[in-house]
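Following the hints, position chains B, C and D against chain A.
Number of protein chains: 4
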Amino acid sequence: MSANNISISQILKEAPKNWGRWGAEDELGAVNYLDQIQVLRGIASVQSGRVFTLGCPIARKEGDPVWPGRSQPGHHMTQDHGTYCCGKLQPLGAGLEYADDVIYMAVQGSTQFDALGHVWYDDQVYNGFDANTTIDGMEKCSIMPIAEHGVVGRGILLDVARFKGKKNLDKGEEITLEDLLATAKAQGVTIEKRDILLIRTGWLSVFYNQGSSAFYEGDFNEPGLTYTPELVQWFYDMEIPAFGTDTIANEQTVSCRTGTALPLHGALLRNLGVSFNEINWLEDLAEDCANDNQYTFLYAAAPLKIVQGTGAPVNPVVIK
Amino acid sequence: MSANNISISQILKEAPKNWGRWGAEDELGAVNYLDQIQVLRGIASVQSGRVFTLGCPIARKEGDPVWPGRSQPGHHMTQDHGTYCCGKLQPLGAGLEYADDVIYMAVQGSTQFDALGHVWYDDQVYNGFDANTTIDGMEKCSIMPIAEHGVVGRGILLDVARFKGKKNLDKGEEITLEDLLATAKAQGVTIEKRDILLIRTGWLSVFYNQGSSAFYEGDFNEPGLTYTPELVQWFYDMEIPAFGTDTIANEQTVSCRTGTALPLHGALLRNLGVSFNEINWLEDLAEDCANDNQYTFLYAAAPLKIVQGTGAPVNPVVIK
Amino acid sequence: MSANNISISQILKEAPKNWGRWGAEDELGAVNYLDQIQVLRGIASVQSGRVFTLGCPIARKEGDPVWPGRSQPGHHMTQDHGTYCCGKLQPLGAGLEYADDVIYMAVQGSTQFDALGHVWYDDQVYNGFDANTTIDGMEKCSIMPIAEHGVVGRGILLDVARFKGKKNLDKGEEITLEDLLATAKAQGVTIEKRDILLIRTGWLSVFYNQGSSAFYEGDFNEPGLTYTPELVQWFYDMEIPAFGTDTIANEQTVSCRTGTALPLHGALLRNLGVSFNEINWLEDLAEDCANDNQYTFLYAAAPLKIVQGTGAPVNPVVIK
Amino acid sequence: MSANNISISQILKEAPKNWGRWGAEDELGAVNYLDQIQVLRGIASVQSGRVFTLGCPIARKEGDPVWPGRSQPGHHMTQDHGTYCCGKLQPLGAGLEYADDVIYMAVQGSTQFDALGHVWYDDQVYNGFDANTTIDGMEKCSIMPIAEHGVVGRGILLDVARFKGKKNLDKGEEITLEDLLATAKAQGVTIEKRDILLIRTGWLSVFYNQGSSAFYEGDFNEPGLTYTPELVQWFYDMEIPAFGTDTIANEQTVSCRTGTALPLHGALLRNLGVSFNEINWLEDLAEDCANDNQYTFLYAAAPLKIVQGTGAPVNPVVIK
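Protein chains in written order, with the working numbering: chain A, 16 to 335; chain B, 16 to 335; chain C, 16 to 335; chain D, 16 to 335.
Chain A extracted, bound-state conformation:
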C-alpha cells in the first residue's frame, strides 16, 4: 500500500460536506434522506416479490473475507446433543434438550454497515464531533442511529463487472462515475435521487471461488470507486443515502487518483455522512437482474444495534 505525502485534509479541502445539514447533534447522516417517501418509493419498485439476502456466511471453516489484520471469527457450541448423551446435562424437563453457542468476531468482519464515526481525519468525525469520542467506544456517530432508523428505500444494482464484460474486476481496478452512469444506461435503468446504490465488482467471489491466497496475494488492493471531485459532487447532488458493494472497503484500497488509502471514507462517510454497507454477496442478485432486466428493488437493511459499535453486522434484504 503506497501513499504519498498529501494529507486527506488538503485533498478534500474543497469537497462538499453535509455537516450541520440535519442539525449540530445529528449522527445519522445521509440516511436522513430515507424518509417515508423514499420507503414508499422502494415499496413501489417491488414487482415479483422475490427475496435476496446479501449477507455472507460468518465463521466458515475455510475462513471469512476479513480486512487484513482483523480477527477471524470463533464460533463455539456451549452445549449440544453430546452434552446430554454423556449425562453432563439433564433435559430441560419432560425430555426437552437444546443446543447453544457463542461467537467471537470482529464487528466489521463480515457483511456490515460502518458507523459514521468509523473513520475520520483532522481529529473530527462526521458532523464535527471530536475524534476523542471514539475512545473506548463510539460515544458519537456509533452504529446505533443507523441501526435504529433502518436503511430502507429504493435500491439499484449497478453491475459494473458485467457491464465491463468480466467475471470480476481486476485487483485495484477503478470504477469511475462514468462507469456507474454507463452501467445504468446499459442496464436500461436511471439512477434517481436518494437511491441506495449496490455496486457489483465480482471481487468477493474471488475469495469464495479461488480461495484466500488469490484474494490476499501481493499488496492488498480492492477494485472499486475512488475519489474524484466529480464523483463526490455527484453523491452530494444525488443525495445518495447509502451504498453497498461486494468488497471489504467499498473503494479502491489505494486510490489511483490521490495515491492515498481509502479517500472516500473521508469524502463520503465522514464529510457527507453517506452510509457504507460492505462485504455484500451480490452474485445471486446480479444473475437474477441480468435475467429479468429488473435492476431496482426494495432494499431493507438494519444492522445489529451494537452499543457504541464502530459498525455492526447486517444481512440486508432485497425484494424485487
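Warning: the hint list may mix true and false statements.
Copies of the same chain look alike in the list, so a pair counts if it works inside one copy or between any two.
Said to hold, decoys possible - Here are the simulated DSS-like cross-link-like pairs (lysine-lysine), alpha carbons at most 30 Å apart as the crow flies:
(1) K103 to K200
(2) K186 to K76
(3) K103 to K28
(4) K200 to K28
(5) K76 to K200
What the hints contain is simulated information worked out from the structure, not anything from laboratory work. Treat the numbers as computed from the prediction; the structure is a model and nothing was measured.
Frame of chain A; chains B, C and D shown alone:
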C-alpha cells in the same frame, strides 16, 4: 422451574407435524410458506412508509436481557483515536484514522431467530434429523436456511398487554388462543393465513425500565403462549410461518397447562418448523399501532448467516 | 464505595518512592530485589518438599470471584469425543482423537499478578512513565518484565485471620502493620528483608463456601491492609518485593484511613513498584502451616507472558 | 500429513501402560512420581539461584506459534488512560485510575501442559475412562489434577540441537533414544529416574527468528521424539513424570517410524500418563547451560487451573 414427570413426547403424541411436508431434506420449515405471494401481501399492507426496527441494544453497560445461564456480551475496541494520539498507530495514510472493535456474545443473547434444530426431544430435531447432527455445530436445521431465505411477509401485531389493559403482563401469565383472537378483534384486524405474528406482552420493558432484579427475581417464568392442542392446531391450520414476541423464549417458561418447560419449542419449532423470533423491542411499534389503529405491515427480517449456528442475532424491519 | 475529596496525590505527597532506584527505564520494580541471593534464601527455607499451588479454579460453573464489573470467563470446547462420534471429524490418523478448547477471560479475573502500570495517578505510572503508555496496551510497565523475571524467593505466610481467632476477617476489616508483626510473632517467625509476604484474611473462602451473594452483598469492601505512612515506610525499608493475599485487591476496597479507594495501589504498586499477587487460595497452605508451625517456604511464581497485559493469570507454587 | 492404515491401537498393542498403577480413579498419572523426595532432589540441584522462565509471549502483534487450525489469541483493553482522558470514566476516587483487559485464546495456544485426557484412542483416555467424559468439558483427566499438584522436581536439559551441531533440528528430524542418551553423555550429565526432561530442538526459534512462513511452509512436520518400543519402555522404566520441548507437539508430527500422527500422545500421554509440557522457550536456558555446563536444576511449573480444560497455559520456572 417446576416440571412433572410426563415426557414432552407423550404430551405431543397426537400433535400435528410438518415433517416431510417440504421434503425429507427440508431444513426451512414453515418459512417455506413465505413465497412470493406472501411477500407481495406484505408489501401490499404498507401504507405510510413508517419504519420500525425491533432489535434490542447489544452490550449495554447495564447488561442485556439474556436467558439465565447465557453469557453477557463483551464489546471491546481494538483501536480508537487514543491509539493514534499516543503514537501507537500511524494513520492509514494521508492522515486517515479509524476505530475498530470485536464482540463476544451468546449467539442467542439478544433479538434473534432460533434455528429449527435449536431444541428437540426424542433425539430428533425438526423433520426427523438425528439430534447428533447438533454436535459441535448444527449440521442440519441450523440458522442458515432461514437466514438465506429471509423472513418476509405480512406481519400483524397482537398487543395482548394493551388488550388486557396492562402495561405488561404479569410474570408467568398465560396468553391463550382466545386471547390472541380477542385481541385481534378488539384491534379491528383479522389474522390471516401465513401471517407473521408479533405478540406483545410488555415483559421486556420490565427489564429495561425496572432493572434486572425485577426481571429475574424468584423463579424465572416469562408470560406468554403455551401448549394447548387447540393453539397448536390453530398454528398448523393457519400455516403460521414465524412468530415473534418481546420475551426471551416466546412462551411461558413453565407451562401452566403441561407443567413442563417450554413445550411450544417442541410443538411449534420442532414439530411444525415454525420460526421463533425472540427478544423483540415492541414498545414503539405498539404505541404507533395504538395511535393509528393499523396493526398490519411488511415484516422483513434476516438473521445473520452464522454457519452451523443454533440461531443468530437479527434486527427485524417493520414497514407500516 | 464512599470517597472524600482528598486526592491520592496529596495523601501520598511525602510517601517514599522507588522511582529511579533501578534506573530510568526500569519496569520491574521491587522484584529487582529478588536476586540470586534471595532465590537461594528461598531454596534454603525448604524443609519437607511439600508443594502447594495457590491458583483458584478458572471458569467454574458456579462462577469465579471477579472484581465487580469484570467479566466472568467463558470456557468452550472446540472439539471433543462427540465430534468424532457423530462423524464431523476424522481421527488424526490411526485412530487418534483429541479434545480442544478456547477461553475468554478478564486477564485479572482469577489468581493473578498486576502489572506495575495497572494503576496510576497524576498521569504517571511506576517510575514516572506517562500514563498514555497504557493506551491500547501497556507499552511500559506491562506484566512482561515480571513474567520474564519470575517471582522467586523466600515466602512467609502471615495468617492474620487465624491470629485474630476468626475463620475469616469481616468485610472491610483492617489489617494494620501491628497486626502483621503480631501475627508473625505469634507464629514464631520473623519477617526478614526481601521476604515475599502471603497474608491470609480468609475472605475468599466466603465466596467459595457461602456463595456469591454473601461475597458481594451490600457495598463491596474487602478486608485487608490499607494506607498508613508507617505501613508504607515499613514496606520500603523491608524491601518487600511482592505480596499476595486471598482477596481480589490485596487491600481494603475503601480505606478506613484515607476514605479513598485502594490507596496502596498508589503507595506500593505505583510508587514503590511492589508486585501485587491477588486472589490466592491460601486455605490449604494456612492449615498446613498451623499444623507444623513452619511459616516460611520457597515461593516460585511466574505469571503468563501476556504481551502488553495489565496483569496476567498465575498459579503460584509454594514449596515447604 | 501422510498416514498409513495401521491403527494406533495395533501399534501400541504390546506397549506398557500405567493404568491402575495409582488406582482406578487416578487422573494425575506419572506426575504421581513427583513426591516430596523428588521435590527435594530438585531443590538439591540448585546451585547459583539463577532463574529462567520458559513461557512464550502470548498475543504478540506478529502472531503466536499455534498448531495449525487453532485460533490466534485476541488481547483487548477494556479501559486505559484514554478512557479517563476523554471523560468516559471517572477515576476510582482521589484520582486513582487503572487499565484493564480481556483475552480470548486457544487454551493450548501457547506454552502449556496437556491434560492427560487431551488425546485418546479406542474410546478411552488415560486410565481407561470413557472418551465420552471429554464431551463439553473434561470430566475426567482434565488439567486440574496436574494444576493442583504442581509439577516440581529435578529437571534436566537435553540440548539435542547443540549436540548435533545445529542451530535447530530440521523439519521432521527424528530424535532417538540414543540421541537423548548421547546428548546427556556429551553434556556430562546422567539422566536419573523421575527426572523431568527438557529436550531442545531449537525448532521454535525458527518461528520467532525466521517468521511464520518458514515455520509452517509445506507439510507441517515438527522435529522430535517419536514412537519406538525402546523409547517408550525407557520412559516407563525411568518413571519419567513429565517432559517438555520447544515444539508444539513434543514429538514428530508424522512419525517416521509408524507413519502415523503423534503416536507418543498415545504411548506416553494416554498409556503411561506422562505429562506433556509444550511450546517452551529454551534458547536462554540452553545458552546458559552450555556456558556453565550445569544441565540439571529445579523445575517448578503449575499450569492454570482451568476447570475441565484440555490443558492450560503455564510459565514454567527453572532454578539453576
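Quick rundown of the hints versus the structure:
For a Cα distance limit of 30 Å, the shortest separation of K103 from K200 qualifies neither inside one copy, at 63 Å, nor across copies, at 48 Å. Both within a single protomer and between protomers do K186 and K76 lie at most 30 Å apart by alpha-carbon distance, with minima of 25 Å and 27 Å respectively. For the identical chains of this complex, K103 and K28 are inter-copy neighbours only, at 27 Å across copies versus 64 Å inside a copy, given an alpha-carbon limit of 30 Å. In the homo-oligomer, the alpha carbons of K200 and K28 never lie at most 30 Å apart, since the shortest distance is 32 Å inside one protomer and 61 Å across protomers.
For a Cα distance limit of 30 Å, the shortest separation of K76 from K200 qualifies neither inside one copy, at 41 Å, nor across copies, at 48 Å.
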